[in-house]
Structure formats: structure tokens, C-alpha cells
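Participant: Take these sequences, add in the hints, and give me the full structure.
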Amino acid sequence: MQKITCEQLIEKAVALLNDGTVSCVLGWKKGEFDYDITPALFETEEELKNEFVWNDFCRANFSKYLISKTAKCEGKILVFLKPCDTYSFNQLLTEHRFDREKVYAVGIPCEGMADIDKIKAICGDGICKIECGEKIAVSTIYTDEPTLIDAKDVLAERCINCKSKKHVAYDELIGEDGDVIDSGRFDEVAKLEAMTPDERFAFWQNELSRCIRCNACRDVCPACTCEKCVFNNPKSGVENKSPANSFEEQMFHIIRAFHVAGRCTDCGECSRVCPQNIPLHLLNRKFIKDMNEFYGEYQAGAEVGSRAPLVNYTTEDLEPGEVFDRGNKDA
Amino acid sequence: MQMKEYKPLIVAFCCNWCSYAGADLAGNNRLNYPADVKIIRVPCSCRVNPMFILRAFQKGADGVIICGCHPGDCHYTSGNYYTRRRMAALFSMLDFLGIERERTRVEWVSAAEGAKFAATMNDFAEKVAALGENKRLEDLRCKK
Amino acid sequence: MRKCSINAIDSVFAKIAESLALYLPVDGSDGKATYKKWENGVKWSNALNTVKSPKEFFFPQTEDMMEFKTSGKNIEIIDTREETEDFVIFGVRACDVRSFDILDRVFLTMPVDSYYASKREHSIIVSVACTKPSETCFCKAFGIDPAVPKGDVTVWKTETEIFFESNTAKGADLLSKIADLTEECDNAPVEEQKEKINKIMAKLPLADLKTEAFGGGKTEQYFDHPAWAELSESCLGCGTCTFVCPTCQCYDIKDFNTGNGVIRFRCWDSCMYSEFTRMAHGNNRLSQKERFR
Amino acid sequence: MQRIGVFVCWCGSNIAGTVDVQAVSEALKNEPGVVYSTNYQYMCSQAGQDMIKNAVKEHNLTGIVVCSCSPRMHEATFRKTAAAAGLNPYMVEIANIREQCSWVHKEMPIGTEKAIILGKAAIAKVNLNTPLIPGESPVTKRALVIGGGIAGIQTALDIADAGFPVDIVEKQPTIGGKMAQLDKTFPTLDCAACILTPKMVDVAQNDKIRIFSYSEVAEVGGFVGNFDVKIKRRARYVKEDVCTGCGACVEKCPMKKVPNEFNLGMDNRTAIYIPFAQAVPKVATIDPNHCNMLKNGKCGLCAKVCAAGAIDYKQQDEIIEEKYGAIVVATGFNPISMDKFDEYAYNQSKDVITSLEFERLTNAAGPTAGKLLRPSDHKHPHTIVFVQCVGSRCAACAEKGKEYCSKICCMYTAKHAMLTRDKYPDTEVYVFYIDVRTPGKNFDEFYRRAVEEYGVHYIKGMVGKVVPEGDKLKVQASDLLDNKQLHIDADLVVLAAAIEPDKSARPLATMLTASMDTNDFFTEAHPKLRPVESPTAGVFLSGTCQGPKDIPETVSQAGAAASKVIGLLAKDKLTGNPCVANSDELMCNGCSSCQRVCPYGAISYIDKEFRMPDRTTKIRRVASVNPAVCQGCGACTVACPSGAMDLKGFANEQIMAEVDAICK
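Quick note, the sequences are listed as chains A, B, C and D, same order.
Position one of the first sequence corresponds to residue 1 (my numbering), numbered consecutively onward.
Position one of the second sequence corresponds to residue 1 (my numbering), numbered consecutively onward.
Position one of the third sequence corresponds to residue 1 (my numbering), numbered consecutively onward.
Position one of the fourth sequence corresponds to residue 1 (my numbering), numbered consecutively onward.
Just so you know, the hints here were simulated from the structure itself, not pulled from any lab data.
Computed from a prediction, not measured in an experiment: that's the story for all the values here.
Hints are not guaranteed to be accurate.
Unchecked claim - Here are the computed distance ranges between Cβ atoms for each label pair:
#1 A:T196 - C:W228: 46 to 54 Å
#2 A:D182 - C:E85: 56 to 64 Å
#3 C:A117 - A:D182: 55 to 63 Å
#4 C:F87 - A:E32: 34 to 42 Å
#5 C:A213 - A:T196: 34 to 42 Å
#6 D:K230 - A:M195: 53 to 61 Å
#7 A:D182 - D:E343: 34 to 42 Å
#8 D:R615 - A:E7: 40 to 48 Å
#9 C:N284 - D:K573: 55 to 63 Å
#10 A:M195 - D:L481: 53 to 61 Å
#11 C:M279 - D:M1: 21 to 29 Å
Glycine included, each C-beta is placed from N, C-alpha and C at the ideal position.
Facilitator: Right under this line is the structure:
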């Protein structure tokens, strides 16, 4: 359950809208179902009161939307940012992707978001109503009584491994700020690293072979903000629309991960939107883990203007041939 | 397709100032290395885009090696330092995906190191040959 | 109508697979179902639907069309089409079966798409009636009966038994192959099943969805409706919806240089992409709203 | 589509011995774009070049592939040939079938097969080549020298001598730098002032040279040939053009207790001061931190006594903007702080001093008028211990000292020891060293004289501790050669402190986008072949800002830097390397990754207006490469995720075409 209520946020948004601080509000609104909350732009008090939603399903990271919305909107935009979203927010500022002056950022604490697949695994299909209170109450057409689920049991993977409850950017904070968390987010990567190359190859073949190249991972990614992606640009030499074979499946994901390496804040949106449940965040986390180990801790988006590891160097860096000796070094 | 004796195809990206000159020196000194090593000249090792490496594997290369000036000697002062980080990250990622480590390498070869160039190529070709054909990053369409 | 025990289904699969390639939905490591070729040990998924629709059997995501080979300055064109053998797609839902009709309308009317046609001809579709539709289902609105799916053979699944009924000669042929493993039966349990499904269908959140407002020239009046702007507001412009859609059939034709020649292939394309239908003058749908619409 | 001519060279038997050149030229005939293919004995000969020129005309060639020796040998030759035939020189590609083929492979079939593939790769590249035209930019014929020590002085004089105007920016009130503080110079023992001050006067009198003393560089824009520099002239509260340097104000100034920087705080000066008698410009400067008039508005004595009326208490800092074609960095060095070296009791005893302080103590113009007296009690020291490598070669404790060798200490310590023994034969002099390093003309002879003729006690070993006790300094040390502990009661301990670049160098490097090493020394464009140039075009290095140096080295480097500057300023226009990076503004999203990796500061960002397909306009921040500054390394092209940044002559498409051709 979220500590901040939806009413608190609406009240804040209405106040800022009415006193002229902002001219529109980037927030969440209910989609077709109670669990598919979508990002939306609100311009009036009425819209906010009728449609604004804040609950355990407000998963979308708004940072990337700011690029197009700030360009479009007259005046300032109010945006609500969960702690993890603020890292993307800063990273985009580092890359000059939107005008900070046009944004009024309100940080809101987050207790983690629910994963609908995990809910369905508990109470089955046919969900007709979800109410988020102390517990998440799920009603389906197949059951008479709603199933009560503890939000902690159905947390999304990225929220279980939440890296920070601390907001790194905001104009105003609602509720209390948290701390950076020493999460186990690299455990899964380490597990894979411990496998044999054959096992890893088999693992990734199984995962990546499901890719349908819908580009959802790329299009939702706050680090993927190219005017034109190399995979859409015939001149790049790697352009393709669908993975013709395992090479192209690997190619797309290697290049994409490489392009966001050092810039990825580990927001986890890529894995969230993947219709095939490919654990894409593991590729990004591998890069983050490596760079932390090779070049010192670095969290993209922790501060505006920081220099990412791949656009930096020291004369003492380890050699590419040494990256595999890490295990031995510690010994 | 007729069975041929397997010979690894190796693409070597060499920076213009050190390693390409090192390769020339290997030639001047008549130091042999396999003809399967084909050199592409780039201004600096930092010009090598990971896309080029994947492209080489796609089109049939069995190994890719990048040669640049020794750290500290880059003609452009810092190019090879970026290469070092980029390739460390990329190679580690390829390994993470289960691609054989021995297929990719970075080696620093100065203009005076003709012998090192030849020895490196011999060694690399041998290691790649031991792995056999590149299967994990292959594009079957290119092998018809 | 014929039936077998639910426990006998694997032997039915084995029997079919003896003479025909058999594909059916199988649960993957991620908990989502995908069509896979049956072999010993492969289990039929209980999932309502696969992520990727079975349209892929006839209209694959990428499909080689021809190949060009050059020798010197001559060019040779090679037909890469291979003769397709008969195959069975087992466990197709009513909605997906209906989608084949829509694809047929595109690919099998003149000019007939021979790539699609040959695969379609060689397919034997075994549909399965729904038992537990999801809240997202709205097939009734499109006149699809999830209790009585079409296809060469229709299958109903109860707690204990599987019922088979052939709808076409191809279907009858298939059933005759498994005649030893099934027995003739009356259709009472199936009727009961159908009724159960219909009751569930009425309870679905989208049960009241109507399509009367669309069709004919009626859509034109919605062209400038503000809802488009609102709905497309959060659209990322990815291709997920079109790629999982059983009826989307847009494709792009591209060339791939293998080094030894050029493969001309087609691949799925999505109207959500900014590059879609780009022409010499530019693009005719400039905003995500227009593409979304 | 290109019309490519392929020219396969035999190089006598160098190539033809292992490569079937006929087969190569035949095989390449059918490659896409090739309209003509031939082979010849020596392509680089006049006859061979004529063959190429004729073929260009006869077959209307648009591109040329020469299969021959390394492009490092003859690329320039064939480019000239192409230009002579009316082709753009960058439409030529070389397939290296000698050094990288015929000379390293022994069997003809293998060599031939590889030569064909290398030829195909070159053809694939030429198919995508576009004519490149080097950019031109005008040159502002004025140089800026930052730092007015001996390095800056020499550089400025040499440049001015060639007829170009030069400005020197010096942050102290006078030029002269560290050399002005020295007494004698090794190995000739001539007096520093006698050789430096005439040069300072030359500078002052040279009408091509302007001195901005008491000034700093505030901002640098532009690029090679066209730098825009803002110089901040700090208010010295004295009108420089009016002051005659008579010194009346200094005499009358009541504020006499200001530590004198020039003598390293070993005596005092007044609030209004002239650093030393030979200062250039010889004008007074008011120290605002100590002047009563400026602090409290009380006093005004100096204005009263100034006959010239040069005092101006209302003077403000002033910003001067000037254009320069070249910039020379000569920011020099400082001895490191001794705060972290408690073991030598530097902060406990006045009689533990640094070598530079020792220079002042022995200098006739110093606080003791050249008499060697202990700072504490002004007594003549009888036992002096010199400690070398204090903070130098300090690899083990990098946070304390420097890893590098400061280079000059061995020689000046030998000088100090020798001069002490010469003037005061009753003094015992000990020198503790790790190694004595004396490479240099007449250096080792000098050092040996100190040991052999002057009887200086050189002891290999480090001083462990210096403890002040009474009026003595107890020096505990080890003698590594005799393997014993030594205890010396010294009257004076002199520390040869490591030297480090001046603190102003780091921010200056940022302004200049010139790179530095981890020790804050400026990096050379090439450590061996371009030692006085910074990687940033138009920025040159003079003196110790590049690394520790003695005076002769500094002066020769200063001259070298000057000659580089003169070479640059002598040109009316700069012709660039056309193989530079280029940003596709339509694709660039302004993320700045390229800017972060550019070692030359060649990339800047501009707000550009774009016409959108729907006829609206949008202003976007995009990268813009200055072709005059870009050196064409390509680091930016890989940093750019969208592929907007590409390198002319080595474009993504071109390299991938080569990869494709090789991997067939």
C-alpha cells in the first residue's frame, strides 16, 4: 500500500494548477482495467478529480514523456516522480533532453508497484475489479469473494530489488524521503556469471529467441532518446525490423544495451513492457555491475552532469583481457 | 557445400599510427602470420564501433582483434583509453551471453613491435582455430 | 463426435506426430505460452492464449522470398520457396481461428500471395473451445462463439475428457488417424460445456462491447474525434500491439546482403512505427496520434 | 555509381614474387564499380603514375584503388597523382598487398587469394568514398604566452623576433618567475639575475611584446588560428603607465610587516611594493589585503608622496578581450608544500628550509644580503644536511608526495653544497640521496667536483627523522652503503622539495580543452615527436608546465614552442585534415556524449531550428564539429549512440563495407 494517498496528490496538483505554477499535470489515469494505469496529461481541476489515479499500479516512469510534453506544453508541467523515476529525470537532464525550467517536479514516496502477472498467478484470470487498500482486493468473474493479497507478495521484480527510495531530483517533496538501498539487484547477474558459457548461451538463446522486435523496450527506455534509432536508420548498417535469426536477436539487444551502458539508471521499464517477459534488465545490470567493479561505483542519474564510465577513463584502467580475471583477483 | 579445411577468418582493426605501422614492420621483417588475418585500417582504435565487431561475426569472421597504440602513446592522447573501457565492457557482455571469450581480443602494438604483431596474430589465430567455427554469433544466411 | 480421456491426450499427440508435424501451445520458462513443435514430453499448455498469434504459421515474422546471386556482372534469381508439407496446429482459440479468415481475405484474394497460400493449404487447424476467458476477451462483439470455434477439427476440454468433432474433410481425415485412441460419444457434456462458457461470457467486463457504431462509412465521423489525441497520449509508438495482433498483416520487403548474394525477404511491419509507409516525399502519418488512429 | 580503376603493383618481385598480380587484376575487374583494372611493375614510378593519370582520363574514372605497398609509404604519392589527373585526392584507396600480404605469406595461391580480398575491401570502400575538401580558416597573427617565467620570456622573445606581436600574461606583479629568485645556476655557476634580467629588459623594450602583469586568463574561446581570449587585469591601484618605479611610496608606506613572497616569507615588505629591484614592469603594486587605505580608508600616504600621481585607490579589475592565433602555456612550477613531511620538522624549526629558501638565503638580494645565516638566530651554520627527493619518487605514498622524479634537485643540491663549501670551507656538508641523477652536458663532472674537489659528504640513504633539540637539529639517517645508522647534529637542514605544476594550470587546461596527466602536467601531442605541442591544436607547451625541467631544457623547449608558433602564424590560412568528424544534425539529439570524449574540444553545441515535416519549426540542441580543431580520431563516433556522428574518410558505412568484403 502506498503511504501517500491519491487525494493528497490531487490536492497538490489542483493547488499548483490553480495558482498558475503549472499549466498541466503529467499523472496516471485508469485504463480499461483497474490494473492498466496509463500516463496522461491533465489540464483542468475537473479532469484531475475525476480521472487521476495513484495506487500500486502506477508503474510508468514519466521522465521520458517530459521530452515531448515539455516541447508541446505552454508553461510548466507538473510531474510526479517516484524515487526511481528521479534518476531517469536527472539522466535526461544530463543529456539536455528537456528544459528543466519547464518542469515542476514533485517527488512522491513509493512502496513498490505490483506485478499483475504475479496477481494473476494467485487469483487467476478474469479480473473485474481491483481495490488498493491495506491489502490489494482482487475480484474475478470466477470467484464470489474478492481475494485479498498483501502488496509485498506481488511486488514487481524491479521493486523487490529497489535500488533507492531517495529522490535525487525534485522541486518539492510530498511525504518523507528515503535512502539509497543496498539491494540484491545484481544477484541474478552474479548467478548467471557463475554459470558455464554453454549454460549462459542456452539461457540467453531461450530468452532472446522469444523476442518479436516490437521495440517496446527501446521505445519506453528513458535512455533511448535518439532522434532516430540506428535500428531504424538504413544508413547505420544494422537497421532491421524483425529478428531474422538468433544473430539479429543478439545483435539488437547487445547494441541496445551497449548504447545505454553508463546511461541506464536501471529503472526496469524495458522488462516491464516486454510482452515476452524477456529479462532485459539483466543485460543492463550486467553493464552496471561490470562498470561498478571495473571503474568504481557509478549510478547514472544520481547527479546531473556526471560523466558516465564509458565517456571517461583513467590511465590505470584494467585491460579488456583482464575482465575475466576478476574472480582470481579477489582470491 | 563442399567440406573445406577449417581456417579461421580473423578481422584485425589496426590504428593507423601504431599497430598498422607495426603490421607493416612485421612485413618489412618478413615475419609470417596466417593469411586468414585481414587488416582494416582505422585512424585510432577508438574508431572501432562494437557494431563493426558484431558485423564481422555476422558476415563470417571467427575472431576479431583490435590493435592500438600502447596506453599513454595514443596519437590522439586518449583514444585507446576509451577503446580499453568500451571493449572491456563489450567483451564482458559477449561473455555474459555465452560467446567464447577467445574470439575477441584487444592488443596494444606499437610501430616498433613488428615481432609482437606477428606473434600476436599467430597466437590469436591459433586460439580461434582451437575454438572452431563461430557458431554462437553466426548468421546462417551469410554462410550459404 | 469422438472423445478420449484427458490422460490419453499425449498418446493422441504422439499418434498425430507420427505422420504430421504437430504444433501446439507450450508453456515457456517465463510462464507464457508459445506454439512449439510437439515431441515426446512436450505438454499442451492450459494458457488461454499465446503471446504471438498462430498467424505466424502462414505469415511468419520474417520470410525469405527470393535470392539474387551475382557472378561477375551477371545476376541470377533463385526461388527460395520450398514445398510445404501438411502440418497440424492444435489448440487454436476461436478468435485466432477467425483471424485466419481475415488474413485469407488479404492474402488469398487476387493477387494471391503464394507464400501464404501454400502454407495455408497444408495446414490442418484444430481449434479448442474456451473454458476460462479472460477479462480482456470481447470475441462476442465480433460474432465469434468461443464455445464453438471453427477450424478443421473442434475440440472441447472438460475436467476429465477431450471431445473432438471434425468440421471438414481434412478434419475427418485427421480424426480417422486417431480413431483407435478415441471413441464415439454423444454431445451432451459438450452442450453442457458450451452453456457454461456462454454464462461466463455474459459476466465479462467487455461483454457489452458493441461494434454497430463502426463499419460502412460510419467511421469517418470519428476521424477528428478528440479521443484519438487522448488515447494516443501515452502511446510509445512501439509495435507490440500490431505484432501480437492476430489480424495485423502489414509487412515490409527488404534486402539482406549475405556477401554471396542478396536475400529478399519480408518481415512484419507496424503502422505504429514512424518509418511506416515512408515514401519519397516523406511520411503520410506524421504524428503518433495519426499513426495510432 | 563510381567508375573505379584498379592498379595492381608488382613492386618488382616484392609483390609479384608471392602474389599473382595478373590474377589479382583479373579478379578485381568484375567487382562492382570497377571499369578498369591493370597491373604494372612499379606503380609509384613516373611511368606508373602516368598510367594512372591516363586511365583516369580515358575511362572517366571517379575512384582509384592501388594494390601496392603500405599506404604509409605511398598514399600521399597516389593522392597527388589523382589530383594531377583532376580527381579529388581522397578518392584513392590503397590495398596493402606488400607489407601485409606478399611479405608475410610465402605461398603464391595464399598470397594471391588474400591480395584479391584486400583489393575487394579497398574497392568496397572507394565505392562509398566522397570527394573531401580540407577546410580553411584564417590565422590571427598574434600569440599569447601564459606565464612570464624564463619559459614564457624566451618564447615571447623568439616569437617577437620573427615579427609577430606577442602578449604575456603573468599573474605576479612582475615577470621573471622562479628563475628571478635563484642565486647561481648549474653547471656553470653564472648568476641567474645576470642572465635573466637582461632578457626581462628585452621583453619590456620590445615593441612587439605587451606584458599583462598582475593578470590572469579568464576565458578562452575559439580554436587554432582564432582564439578569443579574455584577460582579467587585476587592479594594482597604481596606474601602470604613469608610475616611474621610483620607490618613494614604498619607502613611506607605514605598513611594513607584510611577509615578502619573493623571499618566501623570510623577511617583510610594505603594503605597496615592487617585488624586486629589477622587476619588469617596474611599477608599484598595492596589496589590497594589507593596505590600510583600501581596507579602512585611512592613510593615503603613498598617494601623497607620489610625484607622478600614479596612485589610484579606485582602480577596478579590467577585462581585456583579444584575438590570438596561438597560445603558449608556460605556467611553470612550485615546490610542493612541506606540511605533510613532519618527519623533517619543517614546521617545527625555522632552520629546516627548502632549497628555494636556501637560494634566497645565499642570494645577494635576499633577506640576509647573501650571507648564509640560520633563519632562527642569524648564526653561521657549521653543519648543513641536504635531503634529496623530499616528495619526489614517492610511489609508495602518493597522497604525500609525487611519483615522478623532479629532475632538477640533484643538480641544484650539488650546486648548493659546492657553493657552501666554496664560500664557507669550515662548514661540513652532508647530502642524503636515493640516487644521484646527473644526465646532462657537464652535469656529472659538476657533481663529481662537488664530491671530489669540495669534499661534500654524499651519503646514499634517506633521512628518517629531524628533531630540533636546543639550537641543533638532530638528524637520524641511514647510510645504505655502509649499512649503518647515522646521527648528525646539524645547524641547518635543506629539503629538496619535489616540484609540481602551478595550481593555476588545471583550470587553465579546462579553459583550453588541453589535456593533462594525473599529476597536472600538460600532455604533449606526442611524447616523442610533438613534445612542445598540446593535443589541442594551436596550444603549445613551454617549460615546466609540461614536466620537470632545468633552465637549459626550458629555454630550448621555449624556443621550440616559439618556432612552432611562428610556423603557425606565418600561414595566412590553415588547411585542415578533411578526414574529420561530422555531425548529422537531423539525427543528433544533443546528448553531449561526443563532447565528453573529444580530446580537442572540437565539439560544441548549437541551438538549431529545424523545419518539421508538419511545417512547424522546432529548435533543438545539436552537436557541431569545428573541422579546424578536429583531428579525426573518431572517439566521438562510437560515443554517439544514434550514429549521428560519423568520420569523413572512415565512415561507418565505409568500414562496414570493408568488413563485408573481407568476411565474404
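Participant: So the hint says 21 to 29 Å: do the beta-carbon atoms of M279 (chain C) and M1 (chain D) match that?
Facilitator: Once the Cβ atoms are compared, 24 Å apart, the range 21 to 29 Å for M1 (chain D) and M279 (chain C) holds.
Participant: Check the following: the C-beta atoms of N284 (chain C) and K573 (chain D) are separated by a distance inside 55 to 63 Å.
Facilitator: For K573 (chain D) against N284 (chain C), whose Cβ atoms are near 48 Å apart, the range 55 to 63 Å is violated.
Participant: Confirm or reject the claim that D182 (chain A) and E343 (chain D) have a C-beta distance inside 34 to 42 Å.
Facilitator: holds (41 Å)
Participant: Quick check on a hinted range of 55 to 63 Å for A117 (chain C) and D182 (chain A), using CB atoms only.
Facilitator: holds (60 Å)
Participant: Regarding A213 (chain C) and T196 (chain A), is the given constraint of 34 to 42 Å on their beta-carbon distance met?
Facilitator: violated (59 Å)
Participant: Taking 53 to 61 Å as the stated bounds, is the beta-carbon spacing between K230 (chain D) and M195 (chain A) within them?
Facilitator: holds (59 Å)
Participant: Assuming the hint says 40 to 48 Å, is it satisfied by the Cβ distance from R615 (chain D) to E7 (chain A) or not?
Facilitator: holds (44 Å)
Participant: Evaluate the given range 53 to 61 Å for the C-beta pair formed by M195 (chain A) and L481 (chain D).
Facilitator: About 58 Å separates the Cβ atoms of M195 (chain A) and L481 (chain D), which means 53 to 61 Å holds.
Participant: For the pair T196 (chain A) and W228 (chain C), does the Cβ-Cβ distance stay inside 46 to 54 Å?
Facilitator: holds (52 Å)
Participant: Taking 56 to 64 Å as the stated bounds, is the beta-carbon spacing between D182 (chain A) and E85 (chain C) within them?
Facilitator: holds (57 Å)
Participant: Regarding F87 (chain C) and E32 (chain A), is the given constraint of 34 to 42 Å on their beta-carbon distance met?
Facilitator: At 36 Å between Cβs, range holds.
Figure legend: structure checked against the earlier numbered hints; hints not met, in rising order: 5, 9.
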